[in-house]
Amino acid sequence: MPVEVVGNEFAQVAVSVDTDANSPRLRIEDLRSGRVRFLDALELETLVHLPEGKLQSLLDPSADRWREDRE
Amino acid sequence: MTTTIAERYDALIEPERVHGSLYTSPEIFADELEQIWYRTWVYVGHVSEIAQPNDYVRKTIGPQDVVMTRGADGEVHLLLNRCAHRGNLVCEADAGNSSSFRCPYHGWTYRNTGDLVGYPFPQGYGGRGKLDELGLGRVPRVAVYQGFVFGSFAPDGPSLAEHLGEAAGELDRLVRLSPQGEVEITAGFLKHRARANWKLLAENETDGYHPQFVHQSIFSVAESGIGALYGEKSTAVTRDLGGGHSENDLRPEFRRLAAPMGWFGTTEKKVPHYVAAMRERHGDAAEEILVEGAPHVMIFPNLFIAEIQLFTIQPLAADLTVQHVTAIGLKGAPEMNTRMLQQSIGSVGPAGLLLADDTEMYERNQAGVAELRPEWLDIRRGVGRESVDERGLTIGGATDETAMRGFWRHYKRLMTTDRVAAGTAAGTPR
Ligand code: FES
Ligand SMILES: [Fe+2]
Chain U
1 MPVEVVGNEF AQVAVSVDTD ANSPRLRIED LRSGRVRFLD ALELETLVHL
51 PEGKLQSLLD PSADRWREDR E
Chain F
1001 MTTTIAERYD ALIEPERVHG SLYTSPEIFA DELEQIWYRT WVYVGHVSEI
1051 AQPNDYVRKT IGPQDVVMTR GADGEVHLLL NRCAHRGNLV CEADAGNSSS
1101 FRCPYHGWTY RNTGDLVGYP FPQGYGGRGK LDELGLGRVP RVAVYQGFVF
1151 GSFAPDGPSL AEHLGEAAGE LDRLVRLSPQ GEVEITAGFL KHRARANWKL
1201 LAENETDGYH PQFVHQSIFS VAESGIGALY GEKSTAVTRD LGGGHSENDL
1251 RPEFRRLAAP MGWFGTTEKK VPHYVAAMRE RHGDAAEEIL VEGAPHVMIF
1301 PNLFIAEIQL FTIQPLAADL TVQHVTAIGL KGAPEMNTRM LQQSIGSVGP
1351 AGLLLADDTE MYERNQAGVA ELRPEWLDIR RGVGRESVDE RGLTIGGATD
1401 ETAMRGFWRH YKRLMTTDRV AAGTAAGTPR
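Chains as they are written, first to last, in this note's numbering: chain U, 1 to 71; chain F, 1001 to 1430.
It is worth saying that the hints were derived from the structure and are not from the lab. Backbone N, C-alpha and C fix where the C-beta goes; we use that ideal spot for every residue, glycine too. Certain hints may be false.
[As the list claims (entries may be wrong)] Simulated DEER-style distance windows between Cβ atoms:
hint	chain 1	residue 1	chain 2	residue 2	range
1	U	Val6	F	Thr1004	37 to 43 Å
2	U	Ser16	F	Ser1048	30 to 36 Å
3	F	Glu1075	U	Ser23	38 to 44 Å
Assemble the whole structure, with the sequences as input and the hints as a guide.
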């Protein structure tokens, strides 16, 4: 699978299409933490339709990542 | 105290001579930052440098580090590159594409419009959304003319149109040379550091007296006719455009020679597609445009357009200035752009002759003005033969110091009138 790096000074992510499952999925790897996530076609389609504001609120570093009240 | 400062500049700037300390005094430099660089309109960048939504480039207004961004909505923003938390530099790269910026120190994250998106471990601030008033600093006013983006640290004052005045027409003349009516700044910038005061650079940009001496070598190797444009017999004029802006108007000479593309030292045959595209767009008016060519204009205080190159002047200290240079591109004219880039590399590139020659002069000039005697610099050349053109603007001969006198008139006005009472118009105490 060809791997491409999408990067800027704020993040470095490797993306590729993974075909191990029953249909292709996007494989995204955060090159700084090594964490991997797969996104299926429906999830990707959802991202395309996500309103700008929702995407921005996901970018809040305390939205999911750096928060002390987790779990 | 206000009066004393005004009186001081009155004594240092006379119509035909200026005092050497204006180029060497750190106090005057600090005063200029407040009265000029953090106050009037300053050129920052061009919209083509941030063509796509979420593109950004790092720019400057004097010593200030500014990030020019295009929001997802297409709007242009000028942000200061300083985290609202503890002041870390937020953007490091010269250019990129990102909807948000995350400070590397503690992860505070900002939209590319400057708004704070959030901060890690929010309980320390009593939860999320508690610091809404904090964001990246913004240049209070942003305005665009013909794709050229200007910023002003003063929340109010003259509009960009008022600031540009007669110089706006020179930007119109430049974009008219593109078959699509737009220029593009995509060649990338070189930064030339000069151990000299910024005003020596600004004055030199439309000084028609020096080219035959300083640039003799490049004119001879390039077998260029440019030198003759700046001679005693030339019909070209130096024009004080008002507002500190000035130009070398070479059109009278080009019109006399009446050769399309002569302004670029080439002929129609060498750029047939470009010439055809221009005739297609402009009809009969194309002949005049192709003969007259591009402007040679200095827009106060920091934008210089030398026909095919764009320069921005960045002052860093009384005796330190960086000149950012690039080749201008004409949208829809690939044939011309290749040539303009090649010529720019030869003249202002790393091994280019033209800017190296000028820089040598800036630095020698700076070393000289630092000497104690004589105290004054003379700018009277052509005083006795100035006239007023049909637009009511003062013009002098091709080699006259009319442009410098206009520069200093405006400078004196900015430094003496409407002085900022306390701190700065920008609200950025330093
Ligand atoms: S200084 Fe930027 S997050 Fe602390
Ligand atoms: Fe020069």
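Name the hints, by number, that the structure is in violation of.
1
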